[in-house]
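Colleague: Okay, here's what each chain looks like letter by letter:
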Amino acid sequence: MESNDQDPTTEQVGAGAGTPSSSPEPSADPPADPGAGRSDTTGGAADGPRRLYRSRRERMIGGVCGGLADYFGIDPVIVRIIAVALVFAGGAGILAYLAAWLLVPEESADGASEPGAAGRTATIAGAVLLVLAVCTLVPFWGGPFDGWAWSGPFMFLVFLGLAGLGVWWLASGEHPSAAGTRDVLRRAGLGLAILAVCGLLAIGGAWATAAGGGVLVAAVVIVAGLWLVAGAFIGGARWLILPALALALPAGVVSAANVDIDGGVGDRHHHPVTAADVQSAYRLGIGHLMLDLRDAKLPPGDRRIHVEVGAGAVSLAVARDVCVTSAAHVGAGQVNVFDRGSGGLDVDWRDDRRALPGTTRLIVDGDIGVGVLDVSYDDPEQFDRGDRFNAPREAGNDACIGGARG
Amino acid sequence: MARRRPDLPSLVAGAAVVLLGVVLLLDRLDVLDVRFAALGPLACAALGAILLASGLARRD
Numbered sequence: 000m001e002s003n004d005q006d007p008t009t010e011q012v013g014a015g016a017g018t019p020s021s022s023p024e025p026s027a028d029p030p031a032d033p034g035a036g037r038s039d040t041t042g043g044a045a046d047g048p049r050r051l052y053r054s055r056r057e058r059m060i061g062g063v064c065g066g067l068a069d070y071f072g073i074d075p076v077i078v079r080i081i082a083v084a085l086v087f088a089g090g091a092g093i094l095a096y097l098a099a100w101l102l103v104p105e106e107s108a109d110g111a112s113e114p115g116a117a118g119r120t121a122t123i124a125g126a127v128l129l130v131l132a133v134c135t136l137v138p139f140w141g142g143p144f145d146g147w148a149w150s151g152p153f154m155f156l157v158f159l160g161l162a163g164l165g166v167w168w169l170a171s172g173e174h175p176s177a178a179g180t181r182d183v184l185r186r187a188g189l190g191l192a193i194l195a196v197c198g199l200l201a202i203g204g205a206w207a208t209a210a211g212g213g214v215l216v217a218a219v220v221i222v223a224g225l226w227l228v229a230g231a232f233i234g235g236a237r238w239l240i241l242p243a244l245a246l247a248l249p250a251g252v253v254s255a256a257n258v259d260i261d262g263g264v265g266d267r268h269h270h271p272v273t274a275a276d277v278q279s280a281y282r283l284g285i286g287h288l289m290l291d292l293r294d295a296k297l298p299p300g301d302r303r304i305h306v307e308v309g310a311g312a313v314s315l316a317v318a319r320d321v322c323v324t325s326a327a328h329v330g331a332g333q334v335n336v337f338d339r340g341s342g343g344l345d346v347d348w349r350d351d352r353r354a355l356p357g358t359t360r361l362i363v364d365g366d367i368g369v370g371v372l373d374v375s376y377d378d379p380e381q382f383d384r385g386d387r388f389n390a391p392r393e394a395g396n397d398a399c400i401g402g403a404r405g
Numbered sequence: 000m001a002r003r004r005p006d007l008p009s010l011v012a013g014a015a016v017v018l019l020g021v022v023l024l025l026d027r028l029d030v031l032d033v034r035f036a037a038l039g040p041l042a043c044a045a046l047g048a049i050l051l052a053s054g055l056a057r058r059d
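Respectively, the protein sequence lines represent chains U and P.
The first sequence lines up with residues 0 to 405 when you count with numbering that gives the first Met the number 0.
The second sequence lines up with residues 0 to 59 when you count with numbering that gives the first Met the number 0.
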C-alpha cells in the first residue's frame, strides 16, 4: 500500500517500455501512426503514464479485452480466452467485464491517451472487489447469484488474482515495467521487506488468536484502525495500512475457523482396548489425532464421543459391528465418513444413522478448525500414507439400518 | 488558514480496520459467531474499499 502512495505525477512509465519515474532512462518516442503499434494506444504519449483504455481497434463487445491486451502488450485472443474461462468460474468474468466496461474510458478516436487517470487500476480493482463482496453476500438472503460460493475454482482465481495484484503493486508501483531494472529491484526488495514484517505480524496475530489472545489482538487492531483514522487528518499514517491488515485478516481467519491450540501440538495416538478406556472427549490443538476404537469392544447402545482439533486431522477407526452417526463443523477442510463426505469452508456435516437392534451406535461430534475429520475401518496410522482422499473408499456403516447388514 | 483535506485512503482503511477489529472482538467475546461465509465478503469489501479510496485519491 505504501508504495502506492506516491504522487501520480512521479509515476512516469513509458508506454510499452514502461520506465518508472525514478529511472533515468528516457522512453521511446511514440510511433507516427497511432494505429501501427500497441503501446501508443495504451501508453499514449511516451512521456506520460501508461493508461488502460477500451480499445477501438480490437473490439468484439466493449473493447475491454482489446484494451487489456494493449495494456499488457499481449495478443487479445489470450485475454478473450481468459475472460471466457472466467465466465464459467461462477460468472466472475461477466461481472469483471461489466465493471471494466463501466469504469474504463474508451480510447480516443485518434488513438491518443487522455491525461488525468492516475490510480485507475486501483479504482478498478477496488470496484471489482466490492462487486465480488456483494455478490458473495447475496446467497445469505437468496437471489439470482445463489450459485456463488466461497469454494472451488472461483475462489482460487480470486485469491490468485489478489496475490498477483499485491506483488505487482509492491514490486512495481502502479504499472508493470520492462525497463528500469534497478528501480524494479529496489521496489521488489522493499516489497519483500514489508511482506516479511507483515508475515511476522500475520503469524503472530494468528498464533495469539489461536492461543486464546484473540481479545488482545482485536484490541490492537482497533487501536491501529483508530490511529489510521486520526492519521488521515494529521498525516503520516498510511504506512500502517498494510501491517494493520496483516494483523487483522489472519486473526479473522483463525477466528472464523475457530482454531484453538489449547489442546497441545503434535500427533496423538489413542488406542483403547476396553470400553472403559474410551474417553468422552479428545482434544488436540495442532496435529494429527489418531483414535483407534477397533478393539474397544463397545457394548450395545449409544456411546458418544467428542473430537476437537484446531488445525490438523482426526482419523477415527471403528470396528465393523459399530454403527456411526456423525455431526461435525469444519471451518476449512473436509469430512469423510466412510464413503460419504463434504468439504470446503464452513462445512456443517450431519449423518444421522440408526443402529440395528443389539448393536453399538457411536455418536461422533467433531469440531475441526482447519483440517480433516476421517472415519473408516482402516488403521489411523495409514492416514498419512498415500493419496487416501482421492482413492476409492469403502462403503461403511454396515451395522446401521440400511447398511450392508441392515 | 487553508483547512487540510483528510487523507481518503487512510480514513477508509482506518474505518475498515476498526470494523474488522470490532467483528473479531465480538467473535472472541462470543457475541457473534463469525464464519468464512461472512469473513470472506467482509475482508473483500474492506480491501476493495481501501483500493477504491486509494485509486480515487490519486485521480484527484
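Mixed in with the good hints, there may be bad ones.
[Unchecked claim] Chain P is nowhere near these chain U residues, computed Cβ spacing over 10 Å in every case:
(1) Met59
(2) Val83
(3) Ala218
(4) Val219
(5) Gly230
(6) Leu248
(7) Ala250
(8) Ser254
(9) Asp291
(10) Arg302
(11) Asp345
(12) Ile362
(13) Asp378
[Stated by the list, open to error] A partial selection of chain U residues facing chain P, derived with a Cβ cut-off under 7 Å:
(14) Ala210
(15) Gly213
(16) Leu215
(17) Val220
(18) Ile221
(19) Val228
(20) Ala231
(21) Arg237
(22) Trp238
(23) Pro242
(24) Ala243
(25) Pro271
(26) Ala280
(27) Gly284
(28) Gly342
(29) Val346
[As the list claims (entries may be wrong)] Covered, in the sense of this in silico footprint (three residues per stretch, anywhere, with C-beta under 8 Å from a C-beta of chain U), are these stretches of chain P:
(30) 23-34
(31) 37-47
Treat the hints as calculated values from the structure; they're not laboratory data.
Think of the CB as a built atom: it goes at the ideal place given N, C-alpha and C, for glycine as much as any other residue.
Colleague: Against each hint, give a clear statement of whether it holds in the structure.
Modeller: Right, here's what the structure says about each hint:
no.	hint	result
1	Met59	holds (27 Å)
2	Val83	holds (24 Å)
3	Ala218	violated (7 Å)
4	Val219	violated (8 Å)
5	Gly230	violated (5 Å)
6	Leu248	violated (6 Å)
7	Ala250	violated (6 Å)
8	Ser254	violated (5 Å)
9	Asp291	holds (31 Å)
10	Arg302	holds (29 Å)
11	Asp345	violated (5 Å)
12	Ile362	holds (23 Å)
13	Asp378	holds (32 Å)
14	Ala210	violated (12 Å)
15	Gly213	holds (4 Å)
16	Leu215	violated (9 Å)
17	Val220	holds (3 Å)
18	Ile221	holds (4 Å)
19	Val228	holds (3 Å)
20	Ala231	holds (4 Å)
21	Arg237	holds (5 Å)
22	Trp238	violated (10 Å)
23	Pro242	violated (10 Å)
24	Ala243	holds (5 Å)
25	Pro271	violated (33 Å)
26	Ala280	violated (20 Å)
27	Gly284	violated (17 Å)
28	Gly342	violated (13 Å)
29	Val346	violated (10 Å)
30	23-34	holds (count 7)
31	37-47	holds (count 11)
The structure shown violates the earlier hints numbered 3, 4, 5, 6, 7, 8, 11, 14, 16, 22, 23, 25, 26, 27, 28, 29.
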